[in-house]
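To convert, note that position 152 of the sequence shown is 151 in numbering that gives the first Met the number 0; the numbers rise steadily by one, no gaps.
If you are wondering where the hints come from, they were derived from the structure by calculation, not from laboratory data.
All C-beta atoms, glycine included, are put in the ideal place defined by N, C-alpha and C.
Treat the hints with care, as some may be off.
Unchecked claim - In silico DSSO-like links for lysine-lysine, alpha-carbon gap of 27 Å or less:
no., residue 1, residue 2
1, K240, K97
2, K97, K231
3, K303, K231
4, K74, K97
5, K243, K103
6, K231, K243
7, K240, K103
8, K97, K303
9, K303, K243
10, K231, K74
11, K243, K97
12, K240, K303
13, K74, K103
14, K74, K303
15, K74, K240
What the hints assert, rightly or not - Beta-carbon label-pair distances, calculated as ranges:
no., residue 1, residue 2, range
16, L340, Q79, 34 to 42 Å
17, Q79, L157, 46 to 54 Å
18, K97, R8, 14 to 22 Å
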Amino acid sequence: MKLGSGTYRILWEAHAWAGAVASVLLVGMFLLGVVSLFRHELMPWQEPRLRTPVAADEARALDTLQQWLDARVGKDGPSQLDVDLPAPYSPWLRLEWKERGGEKTAVWVNPLSGEQAPERSDLGYFLFLVHFLYPLPGGMLIAGLVAIVLLLVVGTGLVIQLGRFRKDWVRFRPREALRTAWGDLHKVLGSVGLPYQAVIAWTAAIICLNSAVLQPVVVRTAFDGDVDAGLKSIGYPRGAKPSKQPAEAPRVATVLARAREALPDARHYRFSMRNLGDAQAYVDVRGYARQGLHEFTTVRVSGKGEVLHVRQAGGPGATARLIESAYVLHSGLYAGMGLRLTYALLGIFSALCVLTGNLIWLERRARDMRRVDVLLARFTAGGCGAAAFALAAVFLANQLLPDTLTRRADWEHTIFFGSWCACVLGALLFPRPKVWSRWSLAISGGILFLLPWLDSWRNARRVFDPAGSPYVFCVELGLALLGVLFLVSAWAIGRIVPRDPRDARAPAPVLAHESP
Numbered sequence: 000m001k002l003g004s005g006t007y008r009i010l011w012e013a014h015a016w017a018g019a020v021a022s023v024l025l026v027g028m029f030l031l032g033v034v035s036l037f038r039h040e041l042m043p044w045q046e047p048r049l050r051t052p053v054a055a056d057e058a059r060a061l062d063t064l065q066q067w068l069d070a071r072v073g074k075d076g077p078s079q080l081d082v083d084l085p086a087p088y089s090p091w092l093r094l095e096w097k098e099r100g101g102e103k104t105a106v107w108v109n110p111l112s113g114e115q116a117p118e119r120s121d122l123g124y125f126l127f128l129v130h131f132l133y134p135l136p137g138g139m140l141i142a143g144l145v146a147i148v149l150l151l152v153v154g155t156g157l158v159i160q161l162g163r164f165r166k167d168w169v170r171f172r173p174r175e176a177l178r179t180a181w182g183d184l185h186k187v188l189g190s191v192g193l194p195y196q197a198v199i200a201w202t203a204a205i206i207c208l209n210s211a212v213l214q215p216v217v218v219r220t221a222f223d224g225d226v227d228a229g230l231k232s233i234g235y236p237r238g239a240k241p242s243k244q245p246a247e248a249p250r251v252a253t254v255l256a257r258a259r260e261a262l263p264d265a266r267h268y269r270f271s272m273r274n275l276g277d278a279q280a281y282v283d284v285r286g287y288a289r290q291g292l293h294e295f296t297t298v299r300v301s302g303k304g305e306v307l308h309v310r311q312a313g314g315p316g317a318t319a320r321l322i323e324s325a326y327v328l329h330s331g332l333y334a335g336m337g338l339r340l341t342y343a344l345l346g347i348f349s350a351l352c353v354l355t356g357n358l359i360w361l362e363r364r365a366r367d368m369r370r371v372d373v374l375l376a377r378f379t380a381g382g383c384g385a386a387a388f389a390l391a392a393v394f395l396a397n398q399l400l401p402d403t404l405t406r407r408a409d410w411e412h413t414i415f416f417g418s419w420c421a422c423v424l425g426a427l428l429f430p431r432p433k434v435w436s437r438w439s440l441a442i443s444g445g446i447l448f449l450l451p452w453l454d455s456w457r458n459a460r461r462v463f464d465p466a467g468s469p470y471v472f473c474v475e476l477g478l479a480l481l482g483v484l485f486l487v488s489a490w491a492i493g494r495i496v497p498r499d500p501r502d503a504r505a506p507a508p509v510l511a512h513e514s515p
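Construct the entire structure; sequences and hints are all you get.
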């Protein structure tokens with residue numbers, strides 16, 4: 000199939016403009032998505048106390064939790080509490096609740112000794128949320144729109160490449176002209192990652208736009224504003240309101256036993272307790288039950304041990320099954336570690352594909368750079384480098400911030416966003432955006448590569464020690480490899496991109512106009 004010149008030009012402009020406009024966010028979202036795939040495995044690295052195994056069976060862990068509840072429920076304790084049960088990557092109990100002023104509090108409790116320690120960091124979960132832009136005002140809506148733009152980019156790229164895949168998807172000519180080299184790399188990365196990018200874009204659009212737009216609209220229209228009916232339609236009905244009659248804490252061993260009787264094939268991992276200290280208290284026992292693309296289960300048990308509601312994997316209707324399938328497919332939860340590693344590799348390829356697409360865009364306009372092209376060059380240099388720099392900065396902050404610092408996790412969040420904004424601003428002000436991008440990537444790569452040695456020094460252990468925590472070993476390996484990737488990218492920019500026109504004997508600029 001051969002496109003007419005007019006059709007090809009329209010599709011190319013749509014492909015280029017859509018990719019250029021969303022490029023900075025796409026690169027950041029792909030990189031953060033790669034890290035968030037392993038957010039659970041990251042926990043022993045961000046919380047050193049979780050690295051030592053705890054010789055406590057389930058019965059002992061539940062007894063420790065029961066003692067904690069009995070000592071606090073009804074005595075100015077929390078009315079709502081979320082409890083993550085011990086797991087291979089997290090052998091301690093994690094408890095989270097809100098104080099009366101609305102401030103979130105999270106602690107770790109040793110299931111063997113009952114020792115309690117404040118949560119040091121929520122790094123993995125935070126990066127998972129930022130991947131969807133959730134912490135930003137209107138972030139989920141923006142992420143959904145970016146996903147739709149990515150679908151447009153993938154669709155137009157597919158049509159443009161029809162009939163060319165066989166010869167283009169393995170052809171790379173680094174010694175040819177600059178436009179040819181970048182174009183070959185872009186086509187190879189795009190062709191290899193196209194199915195992955197299409198699936199990620201489609202599922203992200205469903206997840207984000209459903210949360211930001213569709214769900215509120217459906218509640219207002221199909222359910223006449225009845226939020227309870229809307230929640231019930233996806234399998235998460237609201238619980239009873241407090242009765243103002245005091246009661247003792249739920250018996251957690253009984254609650255878990257009832258949940259297993261209702262769903263014996265599920266792996267129950269969390270208690271969501273509500274109305275604690277009240278006669279209408281209940282516990283939602285969250286679980287996983289892998290059934291293809293349907294996975295999430297809930298068993299609601301009253302404080303007296305009665306089963307009130309059971310949500311099977313997938314939920315009660317087509318809408319719930321579609322949303323759940325989209326999330327499971329997006330996160331790679333329907334298979335094992337091998338699939339997540341494949342997702343991670345394709346995510347890195349996709350980030351590079353977006354970046355090379357921007358370079359092609361700028362190279363085609365190098366001889367007649369307009370103000371918008373100059374601005375795009377600077378945003379590309381700063382924004383794409385900022386994703387790497389912010390990632391390195393927040394990992395470094397996780398190592399260096401004092402454990403006794405008040406609201407330590409919030410400091411990590413501030414450092415992440417501050418680093419990202421500072422890097423973008425620096426690219427807009429620095430006279431040579433190419434140099435800025437190279438240094439951003441080089442510094443980021445150096446930090447990530449050296450982090451395993453810093454952690455081993457701080458915790459008095461051997462670096463890359465397979466005899467220690469396997470999760471720490473894998474995280475160290477991943478950080479070092481990501482650091483090498485950023486360092487190689489910085490080197491490649493210096494080797495492939497023409498030098499700044501201010502440099503001696505430099506040729507005429509081909510890729511980007513370095514000064515506005």
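Against the 27 Å threshold, does the CA-CA distance of K74 and K103 hold or violate the hint?
holds (19 Å)
Satisfaction of hint between K231 and K303, Cα-Cα up to 27 Å
Holds, because 23 Å separates the two Cα atoms, which is no more than 27 Å.
Against the 27 Å threshold, does the CA-CA distance of K74 and K240 hold or violate the hint?
Status holds; Cα separation ~20 Å.
Do the alpha carbons of K74 and K97 lie within 27 Å of each other, as the hint requires?
Since the Cα atoms of K74 and K97 sit roughly 15 Å apart, the hinted pair holds (cutoff 27 Å).
Note whether the CB distance of L340 and Q79 lies within 34 to 42 Å or breaks it.
The hinted range 34 to 42 Å holds for L340 and Q79, with Cβ atoms some 37 Å apart.
Given the hint that K97 pairs with K231, does the C-alpha gap stay at or below 27 Å?
holds (25 Å)
Taking only the CA atoms, is the gap from K74 to K303 under or equal to 27 Å?
It holds: about 19 Å lies between the C-alpha atoms, which stays within 27 Å.
Given hint K243 paired with K303 - CA-CA distance at most 27 Å:
holds (16 Å)
Can the restraint linking K231 and K243 be considered satisfied, given a maximum Cα separation of 27 Å?
holds (25 Å)
Within 27 Å, alpha carbon to alpha carbon, are K240 and K97?
Satisfied, since the Cα-Cα distance of roughly 18 Å is no more than 27 Å.
Mind checking the hinted window 14 to 22 Å against the Cβ distance between K97 and R8?
The hinted range 14 to 22 Å is violated for K97 and R8, with Cβ atoms some 56 Å apart.
Can the restraint linking K243 and K97 be considered satisfied, given a maximum Cα separation of 27 Å?
Holds, at roughly 19 Å.
Violated hints, in rising order: 10 and 18; the structure is consistent with all others.
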